[in-house]
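Same order as they appear, the protein sequences are chains H and R. Heads up, the first sequence stops at 489 in the numbering used here, and the numbers go up one at a time, no gaps. Heads up, the second sequence stops at 226 in the numbering used here, and the numbers go up one at a time, no gaps.
Everything labelled a hint here was simulated from the structure, so no lab data went into it. Misleading hints may appear alongside valid ones.
[Unchecked claim] Simulated pairs of lysine-lysine, DSS-like, Cα-Cα distance not exceeding 30 Å:
#	chain 1	residue 1	chain 2	residue 2
1	R	122	R	71
2	R	122	H	147
3	H	413	R	122
4	H	149	R	71
5	H	228	H	277
Spelled out from the first residue to the last, the chains are:
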Amino acid sequence: MWEASLQGLLMVLEPVPMMVMVVGIVLSTVVAILPGIGSSALIALCLPFAMTMSPPAAIALMISIHAVANTASGLTSSLIGIPGSSASVATILDGFPLAKMGQGARATGAAVWSSVLGGVFGAVLLTAVLPLLRPIVLAMGSPEFFMLTLWGVSMVAILSGKAKLKGLIAAGIGIMLMMVGMDAKSGTERWVFGQTFLWEGIDLILVSMGVYAMPEIIALAMSGTSIAGEAPKMGKGMMDGVKDCFIHWWLLIRTSAVGTIFGIIPGLGGPTVAWICYGHAVQTEKNGNFGKGDIRGVIAPEAGNNSVDAGQYITALGFGIPGSTTVALILVALTAVGIQPGPAMLTTDLPLTFSVIWTLTIANVIGGVGALALADPIAKMTYWPARVIVPVIAVLCILGAYTANYAMTDLYLLMIFTCLGFFMKQLKWPRAPLLLGLVLGEPMEKYLWLSTARYGWTWMYRPGVLILLLFIVSTAILLPMFQARQKKAEKIALREAGVDEEVE
Amino acid sequence: MRLKPRSIFTLLLIVILGFGLLTAASWPLRASILVLTIGSLCWLLAVVQLFLELKPHHEAVSSGMDIELAEDQELARNPLQALDIWLWMIGCIIAIKLFGLYVTIPIWTFFYSFLHGARWWLALILALVCVGFLWGFFDYILHVPIVDAVFPIEEWIRG
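Assemble the whole structure, with the sequences as input and the hints as a guide.
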């Protein structure tokens, strides 16, 4: 195995693959900070070039683009509140308040570096679990995948704060919005109203822009100030953000492990994992100020969403099952250059598998350093007055939304969702559960249908399902109850000690 | 019992959800089962929410973890500013439909910045940056198909 690992490293370090990797990193960084244009679009654009390359060079190009996408997209989430990709939406919840407090550099440092470390951790874990893969993945079926989506939905309880009822309604609306379009399993048009552009469903990025970014732009325009307001200048906080990743190392490792494990499961992907990791941080970390600018709220989703990549390659390379559209495109490219995913990737072609792992690691580190260099100019945007930043961000949002289907209808939908987001914000409805519902709606329905079609209702008694049900119950009910009891006990203790709660 | 804006919003959600459920009722079972299950639950919760809001002395609680780019700008406190930005946004979409992206984006960016207090040269730079991004990245590199305008001024200019 060590010999194969060394061979893989030598393949990556050859001049041509290295040069191609750098090109991939640069392209991916540029695309990742632009909302709407995901890494899958870039990979699709690069496919014709990759198909003409040698296997190591094709691996270097495709994997580096995929590896860096999540690292750089956290930049804009933290600094200007616009997610470069849907996997970075959860980062906004705490990254943005930090930028608003003038700690944009710290948030960026933490976002980028946790992403890098998450990616590297994922790659290391991928190496460690290579021999154990087959039985684990094969033990999971659609019922277990369905339960995992339910586990994600249970995070609504955490994301809704005190407005739990509104949060549940918002999540339900999100799930229903995801069902708009042509239902593949029955051929039914669901809420399409004769509009062909709705057949493909509603684009997640478009809804994110409408519900999250645009209402914030409107609020900023109404306030007439800058994003950071009167907050002090950023100073040299970027390294503090990097240090934060090491201070909260245990959280970083946990969320990276969660990301890698969930990445193995096809269809869940970075956005779901980012929310699960965020929820995990909120539940397990003490003295949290989540949602108002807690650095751990940046570290957890960023580490999780980037470590997913490694997990996705486990199933993609080992079994030829792509976990996402992006990985499916990468598989197309790899197959075109003669790399056949399957058991051979874990035996005779092991050096190629290791070259994937090494590319993931090296691209993450180079991409992270590059993203940190870019952070400062982007961070300065948080001090621009509204009259400057509002039109620029509005144009970015409009163009980002336009990329959903390249049609005017995207912009009409954007305005409808902006209206929804605006009133939700004004009337204090939580918007995060709506997005969670949107992300999980599609896999939830798919796996429920597959489970019922394949096993009837007996799938409910599968051991994996029951174990996951225990996790869900503990996440949604027992842990919040335990936390509430703990908080109550703390209050009583403070009162008995004569400490003023407000001062505390 | 006074109907406040938040209750009107909830009522609107109840009506939309109800309409969605009625529509879904006519779909085949395999397409509607999850929609009806989640939708009905959601509708019931929304009704409960409305009753809670209509109760006297009900206060809106924290919206949980949410992003806040700017301080909460309540509509009632800043109705004119809200109207101003909404008109600009809607105007931008209408202008894109009428004149296309290439004409609208720079003109909209320039006039928005300039009329809200930016110097003319700064507004011009912003307009050029936006149109440069549109042309360079969207058109030149990605070959994104640009939407056809009702009045294609750009094509008329090019001849």
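Here's how the hints hold up against the structure:
This hinted pair checks out: residue 122 (chain R) and residue 71 (chain R) have alpha carbons roughly 11 Å apart, not beyond 30 Å. A hinted pair counts as satisfied when its Cα atoms are at most 30 Å apart, and residue 122 (chain R) with residue 147 (chain H) qualifies at roughly 18 Å. Straight-line distance between C-alpha atoms of residue 413 (chain H) and residue 122 (chain R) comes to about 17 Å, which keeps the hinted pair within the 30 Å bound. For the hint linking residue 149 (chain H) to residue 71 (chain R), the alpha-carbon distance of about 20 Å falls within 30 Å, and the restraint holds.
Note on residue 228 (chain H) and residue 277 (chain H): the hinted pairing holds, with a Cα-Cα distance of about 20 Å set against a maximum of 30 Å.
Consistency note: the structure conflicts with none of the earlier hints.
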